[in-house]
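Chains as they are written, first to last, in our numbering: chain A, 65 to 404; chain B, 65 to 404.
Mixed in with the good hints, there may be bad ones.
Which chain A residues face chain B? A few, computed with CB under 7 Å, are given here [stated by the list, open to error]:
(1) P220
(2) T373
(3) I375
(4) S386
Stretch by stretch, here's where chain A covers chain B in the computed footprint (C-beta under 8 Å, at least three residues) [said to hold, decoys possible]:
(5) 219 to 233
(6) 342 to 356
(7) 369 to 376
(8) 380 to 387
A short list of chain A residues far from chain B (calculated; beta carbon distances all over 10 Å) [as the list claims (entries may be wrong)]:
(9) L144
(10) R148
(11) D317
No lab work stands behind these hints: they were computed from the structure.
Quantities reported herein were computed from a predicted structural model and do not represent experimental measurements.
Idealized CB from N, CA, C, for every residue including glycine.
Protein chains: 2
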Amino acid sequence: LRVVVIGFGSVGQAFLRMISEGGVSSSGLWIHPRVVAVADSGGAVVDEKGLNPREVLEVKRREGSVAADPVHGRPGLTGLELLRDVEAEVLVEVTPTNIRDGEPGLSHVREALRRRFHVVTTNKGPLALALPALMELAEYNGVQLRFSGTVGGGTPILDLGREGLFGNRIEGVRGILNGTTNYILTRMAEAGLPLDEALREAQALGYAEADPSYDLEGLDSACKLVIIANWVMRMESSLGDVKVEGISDVTLDQVRRAEAEGMRVKLVASAVEGRLEVKPELVSRRDPMCVDGTLNAVTYRAEPAGEVTVIGRGAGGSETASAIIRDLAKIRMEAAKLIA
Amino acid sequence: LRVVVIGFGSVGQAFLRMISEGGVSSSGLWIHPRVVAVADSGGAVVDEKGLNPREVLEVKRREGSVAADPVHGRPGLTGLELLRDVEAEVLVEVTPTNIRDGEPGLSHVREALRRRFHVVTTNKGPLALALPALMELAEYNGVQLRFSGTVGGGTPILDLGREGLFGNRIEGVRGILNGTTNYILTRMAEAGLPLDEALREAQALGYAEADPSYDLEGLDSACKLVIIANWVMRMESSLGDVKVEGISDVTLDQVRRAEAEGMRVKLVASAVEGRLEVKPELVSRRDPMCVDGTLNAVTYRAEPAGEVTVIGRGAGGSETASAIIRDLAKIRMEAAKLIA
Numbered sequence: 065l066r067v068v069v070i071g072f073g074s075v076g077q078a079f080l081r082m083i084s085e086g087g088v089s090s091s092g093l094w095i096h097p098r099v100v101a102v103a104d105s106g107g108a109v110v111d112e113k114g115l116n117p118r119e120v121l122e123v124k125r126r127e128g129s130v131a132a133d134p135v136h137g138r139p140g141l142t143g144l145e146l147l148r149d150v151e152a153e154v155l156v157e158v159t160p161t162n163i164r165d166g167e168p169g170l171s172h173v174r175e176a177l178r179r180r181f182h183v184v185t186t187n188k189g190p191l192a193l194a195l196p197a198l199m200e201l202a203e204y205n206g207v208q209l210r211f212s213g214t215v216g217g218g219t220p221i222l223d224l225g226r227e228g229l230f231g232n233r234i235e236g237v238r239g240i241l242n243g244t245t246n247y248i249l250t251r252m253a254e255a256g257l258p259l260d261e262a263l264r265e266a267q268a269l270g271y272a273e274a275d276p277s278y279d280l281e282g283l284d285s286a287c288k289l290v291i292i293a294n295w296v297m298r299m300e301s302s303l304g305d306v307k308v309e310g311i312s313d314v315t316l317d318q319v320r321r322a323e324a325e326g327m328r329v330k331l332v333a334s335a336v337e338g339r340l341e342v343k344p345e346l347v348s349r350r351d352p353m354c355v356d357g358t359l360n361a362v363t364y365r366a367e368p369a370g371e372v373t374v375i376g377r378g379a380g381g382s383e384t385a386s387a388i389i390r391d392l393a394k395i396r397m398e399a400a401k402l403i404a
Numbered sequence: 065l066r067v068v069v070i071g072f073g074s075v076g077q078a079f080l081r082m083i084s085e086g087g088v089s090s091s092g093l094w095i096h097p098r099v100v101a102v103a104d105s106g107g108a109v110v111d112e113k114g115l116n117p118r119e120v121l122e123v124k125r126r127e128g129s130v131a132a133d134p135v136h137g138r139p140g141l142t143g144l145e146l147l148r149d150v151e152a153e154v155l156v157e158v159t160p161t162n163i164r165d166g167e168p169g170l171s172h173v174r175e176a177l178r179r180r181f182h183v184v185t186t187n188k189g190p191l192a193l194a195l196p197a198l199m200e201l202a203e204y205n206g207v208q209l210r211f212s213g214t215v216g217g218g219t220p221i222l223d224l225g226r227e228g229l230f231g232n233r234i235e236g237v238r239g240i241l242n243g244t245t246n247y248i249l250t251r252m253a254e255a256g257l258p259l260d261e262a263l264r265e266a267q268a269l270g271y272a273e274a275d276p277s278y279d280l281e282g283l284d285s286a287c288k289l290v291i292i293a294n295w296v297m298r299m300e301s302s303l304g305d306v307k308v309e310g311i312s313d314v315t316l317d318q319v320r321r322a323e324a325e326g327m328r329v330k331l332v333a334s335a336v337e338g339r340l341e342v343k344p345e346l347v348s349r350r351d352p353m354c355v356d357g358t359l360n361a362v363t364y365r366a367e368p369a370g371e372v373t374v375i376g377r378g379a380g381g382s383e384t385a386s387a388i389i390r391d392l393a394k395i396r397m398e399a400a401k402l403i404a
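This is chain A alone, in the form it adopts within the complex (with noise of 0.2 Å):
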């Protein structure tokens, strides 16, 4: 698999780690993914024999871009520019996530496909705007778009959901989807600190942003709601379907009178009955679906299997990375069952 690499920060730069330590193997199957170009915004670095992923990290490291690289470097070539110009089975698109108009991901995922490359993508802002859209593209142009890592970084939510739960009709899902958010009304609940100064002790550990307001706001958890609700329960939608309400409005009263019953505040993303929502809503401790600190959980009501919760670490450079690889693996096997 000759694979183009777009995007080039935490998640690109695991990937990169990863298969440089030899091939990635699990289940059995050794896949050996051959990156042919690597683009991030200062241009890009282009061999189409193939790169050293270890190069190419050491230049990015020492230069700040990808496209220092003396011999193979290209400054200032975009990655739209790159995908008209490579020859390559694949597109590992790692740019980051832009709600607004999903750019540039979005026309990179298009062109690529365009150009009947498989897509693996970790970027929530294309998925959210135009999944139904760009899944009819995939299709159309007979290649696959795979994106794994946009829920719950390693956790398998999205494979649980559809593959894991086969053969049952999914009624319902609902889920915390947010690690941020779920950091900050765990230490509002455990520690009692009112929600500025959770938010601060998260920014301080780097579990939020400087500009949080897309985790505060329930728009992270959004995006990967509509993912859920298109892929596993094969729903139509987008982020303008989905109601949002973020945990700004959360006072600590609320979380103490929530704790004296038994329950928690938690920024819950549910999708029952064709309706999707993101709103703080209270759990019961009891539920298996309430995880604390950074956790992200997601329970699928399954007929006939019930509910099946699965929980994990919702993110992560290299968590988020062994996403992409399984992605990876999946569509090598899917093209060798097509073409044999």
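Given the coordinates of chain A, assemble chain B onto it according to the supplied hints.
Structure of chain B alone, referenced to chain A:
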């Protein structure tokens, strides 16, 4: 797919009910298993053109054995005789678990694999005693052996570990794998019942057998642990490799002391560094694996995804039958790949 069903208790009957409601589908794939024979302890019913599941269920309900069918009934025919007699692609083996010698399930599974039937089973006995040999036999004969329903009922515990966490190294597993003992320990903790009272309550509710020793002594958990160890962690092991201690000696006093420290006594099955063990352990109530009532939970320690926990009902006829459907769908998909 032509299917032979051997064993016709709650799981076998739930399976026939499911497929009697037309084909079964999920993930866009429909499967239409055609049941050509069903055997129970009284004999069998056979029609190579395909039985009517509703009629088979009705004869069972009315007469106690499927062999009473006036047209296709074969009183006294054993499962093994049936397997030597009938043409089919898949054996669904759902006779009761017997951990002494695995019989009659073990002979059914062996004979079916030798005859190049794929096998789907929910019977833990043959697997706990001989899984490595059975997997080799299946491979030698070019057929599949699947057993999703042996662990967790309809909760995809095995699938999550092997497929959902594809691309990870599974470094360890810990779980609560037996609903009966978990119910008893929960009632001891929450209602202050001594063990024997909690057991009687579980029996009255149908959560425990008249002879509860298989659950209480940890053997059911040990069987499931062996299956996880073989399938997910690729350890070649069998029941004799597990150090087992049940809950019979757990006192109300121990449970209360644990409770006071924010812990619960749980019957934990673990596979860590090649050691397989089942024993009562203190588990923090903050641990996502610390579920109550009859729930099951498993935590995989995966690298790099981190700890991933899956929680769900661990048993039930239709829940477990849904795992059979999943296995059949996978067999169909895999077989299509091999033929293509």
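Results for each hint:
1. Taking 7 Å as the C-beta cut-off, the interface hint given for P220(A) holds, the closest approach to chain B being about 4 Å.
2. The beta carbon of T373(A) comes within 4 Å of a beta carbon in chain B, closer than 7 Å, and the hint placing it at the interface holds.
3. Checking I375(A) against chain B by beta carbon gives a least distance of about 4 Å; that is within 7 Å, so the hint holds.
4. This hint holds: S386(A) has a C-beta 5 Å from the nearest C-beta of chain B, less than the 7 Å allowed.
5. As drawn, the segment 219 to 233 of chain B meets chain A at 12 residues by the rule of a beta-carbon pair under 8 Å; at three or more, the given contact holds.
6. With 4 residues bearing a CB less than 8 Å from a CB of chain A, the segment 342 to 356 of chain B meets the requirement of three and the coverage assertion stands.
7. Residues of the segment 369 to 376 of chain B lying with their CB closer than 8 Å to a CB of chain A number 8, which satisfies the three-residue condition for coverage.
8. Counting residues of the segment 380 to 387 of chain B whose C-beta lies closer than 8 Å to any C-beta of chain A gives 6; at least three are required, and the coverage claim holds.
9. For L144(A), the requirement that its beta carbon stay farther than 10 Å from each beta carbon of chain B is met, with the minimum near 29 Å.
10. Even its closest Cβ contact with chain B, about 30 Å, leaves R148(A) beyond 10 Å, as expected for a residue assigned away from the interface.
11. Distance check for D317(A) against chain B: the nearest CB is about 24 Å away, which clears 10 Å, and the non-interface claim stands.
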